[in-house]
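In the working numbering, the protein residues as written are 8 to 140.
If you're looking for bench data, these hints aren't it; they were derived computationally from the structure. Model, not experiment: these values are computed from the prediction. Please note that the accuracy of each hint is not assured.
Keeping only pairs whose Cα atoms sit at most 25 Å apart, straight-line, the calculated PhoX-like set for lysine-lysine is [what the hints assert, rightly or not]:
no.	residue 1	residue 2
1	K61	K10
2	K44	K33
3	K127	K10
4	K61	K127
5	K39	K96
6	K10	K33
7	K39	K10
8	K129	K10
9	K10	K32
10	K10	K101
11	K39	K125
12	K61	K101
13	K129	K61
14	K32	K44
15	K36	K10
16	K33	K96
17	K129	K44
18	K33	K61
19	K32	K93
20	K10	K93
21	K44	K127
22	K32	K101
23	K39	K101
24	K101	K44
25	K125	K32
26	K10	K96
27	K36	K129
Restraint ranges, calculated between C-beta atoms of paired labels, are given here [unchecked claim]:
no.	residue 1	residue 2	range
28	L134	S97	45 to 51 Å
29	V25	Y45	29 to 35 Å
30	D131	N109	28 to 34 Å
31	N109	Y51	40 to 46 Å
32	L53	V12	43 to 49 Å
Note that CB positions come from ideal geometry on N, CA and C, so glycine has one too.
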Amino acid sequence: MIKEVVIILLFLVICQGVLGIYQLKKYDKFIKNLQTKYQGLDRYYLLSERAGDKFQSLILIVIMDSSYNIIEAYYYSGYTVFSSFKNIKSIENKNINDLLNNKTGYKDIRNLDVALDKVKNKYDVILGEKVVS
Numbered sequence: 008m009i010k011e012v013v014i015i016l017l018f019l020v021i022c023q024g025v026l027g028i029y030q031l032k033k034y035d036k037f038i039k040n041l042q043t044k045y046q047g048l049d050r051y052y053l054l055s056e057r058a059g060d061k062f063q064s065l066i067l068i069v070i071m072d073s074s075y076n077i078i079e080a081y082y083y084s085g086y087t088v089f090s091s092f093k094n095i096k097s098i099e100n101k102n103i104n105d106l107l108n109n110k111t112g113y114k115d116i117r118n119l120d121v122a123l124d125k126v127k128n129k130y131d132v133i134l135g136e137k138v139v140s
């Protein structure tokens, strides 16, 4: 009985590892496609942040210009590796500061406000470093 349980647990751990690799490859491919799309264009920045808890997290990817306007936005959220990136049309072509102040247009996506705040903070650091150097 114990032997069978150990074999099942070992099988589950191996499946978790294989599916985790699949999920990372899917993420890398998506990022590379976005990078290729904006390659050579000045003042566009690709930023990615994670927000959430142990059970459900959200990965937010945004393309922003130097005026804090969101050009494109995608999120990945789900319980399985078969989830995919979804476009967030409601926040595209809007200023991230306005979105964070008004909190309208994205209430239906869990943890999006936290991820947007993290993206803005990271972007402040990036622009601050560029201004200094």
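Going through the hints against the structure:
| no. | hint | in the structure |
| --- | --- | --- |
| 1 | K61 <-> K10 | violated, 30 Å |
| 2 | K44 <-> K33 | holds, 17 Å |
| 3 | K127 <-> K10 | violated, 51 Å |
| 4 | K61 <-> K127 | holds, 23 Å |
| 5 | K39 <-> K96 | holds, 21 Å |
| 6 | K10 <-> K33 | violated, 35 Å |
| 7 | K39 <-> K10 | violated, 44 Å |
| 8 | K129 <-> K10 | violated, 49 Å |
| 9 | K10 <-> K32 | violated, 33 Å |
| 10 | K10 <-> K101 | violated, 57 Å |
| 11 | K39 <-> K125 | holds, 22 Å |
| 12 | K61 <-> K101 | violated, 30 Å |
| 13 | K129 <-> K61 | holds, 23 Å |
| 14 | K32 <-> K44 | holds, 18 Å |
| 15 | K36 <-> K10 | violated, 39 Å |
| 16 | K33 <-> K96 | holds, 21 Å |
| 17 | K129 <-> K44 | holds, 22 Å |
| 18 | K33 <-> K61 | holds, 21 Å |
| 19 | K32 <-> K93 | holds, 17 Å |
| 20 | K10 <-> K93 | violated, 42 Å |
| 21 | K44 <-> K127 | holds, 22 Å |
| 22 | K32 <-> K101 | violated, 30 Å |
| 23 | K39 <-> K101 | holds, 24 Å |
| 24 | K101 <-> K44 | holds, 20 Å |
| 25 | K125 <-> K32 | holds, 24 Å |
| 26 | K10 <-> K96 | violated, 51 Å |
| 27 | K36 <-> K129 | holds, 23 Å |
| 28 | L134 <-> S97: 45 to 51 Å | violated, 25 Å |
| 29 | V25 <-> Y45: 29 to 35 Å | holds, 32 Å |
| 30 | D131 <-> N109: 28 to 34 Å | violated, 19 Å |
| 31 | N109 <-> Y51: 40 to 46 Å | violated, 24 Å |
| 32 | L53 <-> V12: 43 to 49 Å | holds, 45 Å |
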